[in-house]
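*Asks:* Those sequence lines, one after another, are chains A and B. Each residue of the first sequence is one higher than the one before, starting from 1 at the first, in UniProt numbering. Each residue of the second sequence is one higher than the one before, starting from 1 at the first, in UniProt numbering.
Do not rely on the hints blindly, as some may be mistaken.
Restraint ranges, calculated between C-beta atoms of paired labels, are given here [said to hold, decoys possible]:
| hint | chain 1 | residue 1 | chain 2 | residue 2 | range |
| --- | --- | --- | --- | --- | --- |
| 1 | B | H308 | A | R200 | 35 to 45 Å |
| 2 | A | R315 | B | E128 | 16 to 26 Å |
| 3 | B | E212 | A | D316 | 29 to 39 Å |
| 4 | A | A330 | B | A244 | 24 to 34 Å |
| 5 | A | T234 | B | T24 | 24 to 34 Å |
| 6 | B | E278 | A | A330 | 29 to 39 Å |
| 7 | A | A244 | B | G149 | 29 to 39 Å |
| 8 | B | R30 | A | A244 | 56 to 66 Å |
| 9 | A | R247 | B | T24 | 38 to 48 Å |
| 10 | A | Q151 | B | R191 | 34 to 44 Å |
Hints in this document: simulated from the structure, not taken from any laboratory. Note that the structure is a prediction, hence the values are computed from the model and not measured. All C-beta atoms in this analysis are idealised placements derived from N, C-alpha and C, irrespective of residue type, glycine included.
2 protein chains.
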Amino acid sequence: MPYVMVQIPNTPALASPAARPVPTSADVARLAGVSRATVSYVLNNTSAVRISEPTRRRVHEAAKELGYVPHAAARSLRAGHSRLVLMPAPTIPVGPLYSQFINELQWALGRLDYTVVQYGTVGLQGDEAARAWAELRPVAVLVPGAGLGPQGVTVLKRSGARAVVTLGPESVEGAHALLMDHEAVGFCAGRHLYDRGRRRVGVLVPEEGGLEPFSLPRLKGVRRAFDGTDAAVTDLLLAYDEQAAARLAARWRALDLDAVFAYNDEYAMLLMRALQDEGVRIPEETAVIGADDLVLGRLLRPRLSTVHIELPSGRDLAELVDRAVRDPGAAPETHEVLGATVVHRDSS
Amino acid sequence: MPYVMVQIPNTPALASPAARPVPTSADVARLAGVSRATVSYVLNNTSAVRISEPTRRRVHEAAKELGYVPHAAARSLRAGHSRLVLMPAPTIPVGPLYSQFINELQWALGRLDYTVVQYGTVGLQGDEAARAWAELRPVAVLVPGAGLGPQGVTVLKRSGARAVVTLGPESVEGAHALLMDHEAVGFCAGRHLYDRGRRRVGVLVPEEGGLEPFSLPRLKGVRRAFDGTDAAVTDLLLAYDEQAAARLAARWRALDLDAVFAYNDEYAMLLMRALQDEGVRIPEETAVIGADDLVLGRLLRPRLSTVHIELPSGRDLAELVDRAVRDPGAAPETHEVLGATVVHRDSS
Chain A
1 MPYVMVQIPN TPALASPAAR PVPTSADVAR LAGVSRATVS YVLNNTSAVR ISEPTRRRVH
61 EAAKELGYVP HAAARSLRAG HSRLVLMPAP TIPVGPLYSQ FINELQWALG RLDYTVVQYG
121 TVGLQGDEAA RAWAELRPVA VLVPGAGLGP QGVTVLKRSG ARAVVTLGPE SVEGAHALLM
181 DHEAVGFCAG RHLYDRGRRR VGVLVPEEGG LEPFSLPRLK GVRRAFDGTD AAVTDLLLAY
241 DEQAAARLAA RWRALDLDAV FAYNDEYAML LMRALQDEGV RIPEETAVIG ADDLVLGRLL
301 RPRLSTVHIE LPSGRDLAEL VDRAVRDPGA APETHEVLGA TVVHRDSS
Chain B
1 MPYVMVQIPN TPALASPAAR PVPTSADVAR LAGVSRATVS YVLNNTSAVR ISEPTRRRVH
61 EAAKELGYVP HAAARSLRAG HSRLVLMPAP TIPVGPLYSQ FINELQWALG RLDYTVVQYG
121 TVGLQGDEAA RAWAELRPVA VLVPGAGLGP QGVTVLKRSG ARAVVTLGPE SVEGAHALLM
181 DHEAVGFCAG RHLYDRGRRR VGVLVPEEGG LEPFSLPRLK GVRRAFDGTD AAVTDLLLAY
241 DEQAAARLAA RWRALDLDAV FAYNDEYAML LMRALQDEGV RIPEETAVIG ADDLVLGRLL
301 RPRLSTVHIE LPSGRDLAEL VDRAVRDPGA APETHEVLGA TVVHRDSS
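Excised from the complex, chain A in its bound form (with noise of 0.2 Å):
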């Protein structure tokens, strides 16, 4: 039986810049002719130290030739704790209106000296996320959304983090709460509807999984508003898609609906479409709101009417993060940080 030479390629060993070993603190030291203490001052800008500007020079031109940069674990690790504020990824698209946010407290934090990473935890929810990102010793964590107990707060903070701040609908033990009411949403949108003299809402919850911790409290929201009135709310499931909104709007008239909350601007967009499709008047037969504000909205015809939706400032909920974080002891601190109001337009 002949044998099949397998040709396994070599790893150049010596060529490649990866397989250099990685210069260190005590290289760029060598090469300055300086101490290691005083290349750490010079490359983390320590001010408590008065250094000649001819060796900050030095240093920091040998730095750039060995291609050394500080190792911000071990600086962690010396220091007893990081300068990390971790947030999770989001897993759904997000909108101009977080995205402005994220950007807003990233350059804030930053400011602050904080490095912010977001961790992407697929499949994992809850206090097994928060194990997850207590392995890598955060001094802050910022975590949206509700899953979040009491245990992974516990963990956290055992594992050195100073500060856990929840951005959600209900406040955790330990841990300091920016509540974001989204009931206000969702009970802004029913009172709209209620002075419009709307009497038979639905309310649309979409289909699409993970977006729960936002429809379910606008629906309670709406049946808030509603609650001890003549009025009546029905739930709706929906998915995004054309062909289940040309379904939901085929038995519209069964429903005997005056009026919908369409959970958001683009899911109200969507059914909309599905309605005008099969000739229902638009606010005539049935009052549409949506919201979000989106540009979208108004570029719809009837105008979309909405709820705005104003989120907190990202420097402020960074200055929250500093201060927790100097006093760890510190009660946690709640804030409703949520705004919630309708814009009237059209449709509503």
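With chain A held as given, fit chain B onto it using these hints.
*Replies:* For chain B alone, coordinates are given in the frame of chain A:
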């Protein structure tokens, strides 16, 4: 002059969990009555060493009781490298296509035991950003968009990154490249309009910052489609804003165009509405085509023609990363990964 007493709040030194010392693997070993090495084998799930089920259980219980989680940075310092894959966090809203790609990538890298973090480097660009990333000592770096130069690649590799992969219009020396050729998007839109008999074609270029890596190649692609033909291309700056669109629509007939490639579906919706409000008939007077194949395009009347874009699969990219990490000396790979095809509907 009277003294003012200022009470400085005490940091409770013992009561708060954050002030208690962070539990170490030595604490776990002591409580479980095993060696530190055993703790490390059990918690890092090392399959090379056989450890009995009761011992495993004892270690897990001790870790749970103490609230101990392994320290990723310490582990990576010992191992000489991390399992951290770093990506810059997007600074613009991400659509469903990109969101799905990122989720898939994180999931696939997670299965290969990598931890993915998205690093927000707002304000830092190119090689300066690379230096900040290098401080986290990632084993691999994925860089979407343009901006990273050969210098940045060298900094990352010298600091221990075994793989640098760019996802963008051009390859960069020393890095693997997934070429995302957005010229192809404009090219096939241009070809389509030419085939439909259009010869005076406008191309929308968003005024919003940060979109140039997409908008400029798309414009170039349209130009290329018309090279050597009798057709002419006019580029039109437009902000994503109703008033700006109305102003552009008001001078539309003076521009004497018979078609427009609108950058993407959202800008197409914005422009189409403004043109319709001006009484411009679509597609008779002006054909409109977008890109991204969003659901909203099918909801417009006329239904919007678009360019459907195919991103690489997250799983393929994860495998490339893993291959590159295992063989850092291998020659950089280059793959064309962006697919673009026209979806012809009623607006063109």
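*Asks:* All hints, please: hold or fail.
*Replies:* So, going through the hints one by one against the coordinates:
no.	hint	verdict
1	B:H308 <-> A:R200: 35 to 45 Å	holds (40 Å)
2	A:R315 <-> B:E128: 16 to 26 Å	holds (23 Å)
3	B:E212 <-> A:D316: 29 to 39 Å	holds (31 Å)
4	A:A330 <-> B:A244: 24 to 34 Å	violated (47 Å)
5	A:T234 <-> B:T24: 24 to 34 Å	violated (56 Å)
6	B:E278 <-> A:A330: 29 to 39 Å	violated (59 Å)
7	A:A244 <-> B:G149: 29 to 39 Å	violated (47 Å)
8	B:R30 <-> A:A244: 56 to 66 Å	holds (58 Å)
9	A:R247 <-> B:T24: 38 to 48 Å	violated (59 Å)
10	A:Q151 <-> B:R191: 34 to 44 Å	violated (58 Å)
Hint compliance for this structure: hints 4, 5, 6, 7, 9, 10 are not met, and every other hint is.
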